[in-house]
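Use the sequences and the hints to build the structure in full.
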Amino acid sequence: MSRPDKFIVDGKRLDGRLPDQLRPIKIEVDVLKRADGSCYIEMGKNKVVAAVYGPREAYPRHIQDPSKLVVRYRYNMAPFSVEERKRPGPDRRSVEISKVSKEAFEAIIMKELFPRSVVDIFVEVLQADAGSRTACINAASVALVDAGIPMKGILTSVAVAKVDGVLVLDPMKEEDNYGEADMPFAFFIRGGKIESIALLQMDGRMTKAEIKDAINLAKKGAMEIYNLQREAIMKQFVEEGEENA
Amino acid sequence: MPEDILVDIKRDYVLSKLREGERIDGRKFDEVRRVEVKTGVIEKAEGSALVKLGNTQVVVGIKMQPGEPFPDTPDKGIIIVNAELVPLASPTFEPGPPDERSVELARVVDRGIRESEAVDLSKLCIEAGKSVWIVFVDIHALDDDGNLLDASAIASISALMNTKVPASRFGLGEDFELPINDFPISVTSLVVGDKFLVDPSRDELSVGETTLTVTVDKNDNIVAMQKSGDYLLSESLLDQIIETSIGVSKRLREEILRQISKS
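Chains as they are written, first to last, in our numbering: chain S, 1 to 245; chain F, 1 to 263.
Be aware that a few hints might be false.
As the list claims (entries may be wrong) - What follows is a list of derived Cβ distance ranges for each label pair:
| # | chain 1 | residue 1 | chain 2 | residue 2 | range |
| --- | --- | --- | --- | --- | --- |
| 1 | S | 26 | F | 7 | 27 to 37 Å |
| 2 | S | 64 | F | 99 | 15 to 25 Å |
| 3 | S | 78 | F | 78 | 45 to 55 Å |
| 4 | S | 239 | F | 220 | 49 to 59 Å |
To be clear, the hints were calculated from the coordinates, so they are not data collected in a lab.
Glycine included, each C-beta is placed from N, C-alpha and C at the ideal position.
Written out as structure tokens, the structure reads:
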């Protein structure tokens, strides 16, 4: 892949999207048998699967917290998920993504309900195409609901990039690699409304005003994703209800 | 667990002071601790700096060597930032491979340098596609009294400013000064409820490691941001923090450059 001459031609992006348009999204709930909760998401060419185990007794013992639940989050990329084979196991990038994603969920999970316990969130990136961390958070969010983990709300994640001086929603690979800035968000959504920011990173070059615009664009995208998350969860609960009837 | 009890007491103290609109050390909310920068402290390194931010101390050394370029940037030098939170610097640091804290620290410092294009990597090409200069930025924490991140970022860019490319040692002509185009400053704030404290001390961080780092280049552009810690950030507070960080970065950059030019 090389740097495109222009990212936006006649108002359209390289893949034909408008600047404020998301890639197609597909969400499936309860895709794994062994996990307590699970979710498969496709965001464009990103394909990720999330599993939640717990709350269960925390081992090794020294990680236990007598006052609250311990949250663990593991973002992991499959070796075949990218153009050039990725060496298996955590690299520095995955360690950082896991840390900030974990902290985002820690902020909304009702941890005080489960002292001495742990909840494990495992996210496997089967195919990555820019924005895999956002796809993972969206999948993890649904998997946590599927597992019945009490939360104050839900997290919905999306990134905004800047290319040719224009802000674009949910950047694809070229925009991410060669763009002027990249800003991933996760929003805390409660009662169908965006309340605050749970994850925020940024690299590139942006003015203060551009950051404001980027937040608004991200919020628009997040609400669309949230509706899909909600739909997938509702569908799952109806199906479960019918099976149990 | 005496340490835990102390943390509880400190937390209560920090919070009660905060309710009165004060910080425990009397600083203003947007006031950075005294900063001291000394460059050229390690003769064996290509560049180096020792930074004190209050009682927090970090030393950064730069080593350079020729190596293979990345395939997608065949004519550009490479920067690698690494941080070691050695146990000497804090009772909570453990020996062993870098944990998530040191990885995050190194990567946020890296982003500030990279995205501000502080080092002119195009001038570090030896033979396109074959050989370029690799710049190793190694952050060594000495004393963690809070906000190691900003101290590390200051020490890194100061050390880079002080770096001579060791060309003669590798038979590649005369040594030359590392070309520097920008001076990014990272400003970390501790977020407590609807308030924020710039450059938090260790004691202040006892309320929780809930921070937001905003890195600003010399033209007031934001070049990196990182929210760290398990808290929710409101949009209006984010806005205020960015605004304040831009102002703080200007003052801090001036002060550091003044000290560097004297040393």
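To see whether the hints hold, each was checked on the structure:
{"no.": "1", "hint": "26(S) / 7(F): 27 to 37 Å", "in the structure": "violated, 46 Å"}
{"no.": "2", "hint": "64(S) / 99(F): 15 to 25 Å", "in the structure": "holds, 19 Å"}
{"no.": "3", "hint": "78(S) / 78(F): 45 to 55 Å", "in the structure": "violated, 27 Å"}
{"no.": "4", "hint": "239(S) / 220(F): 49 to 59 Å", "in the structure": "holds, 53 Å"}
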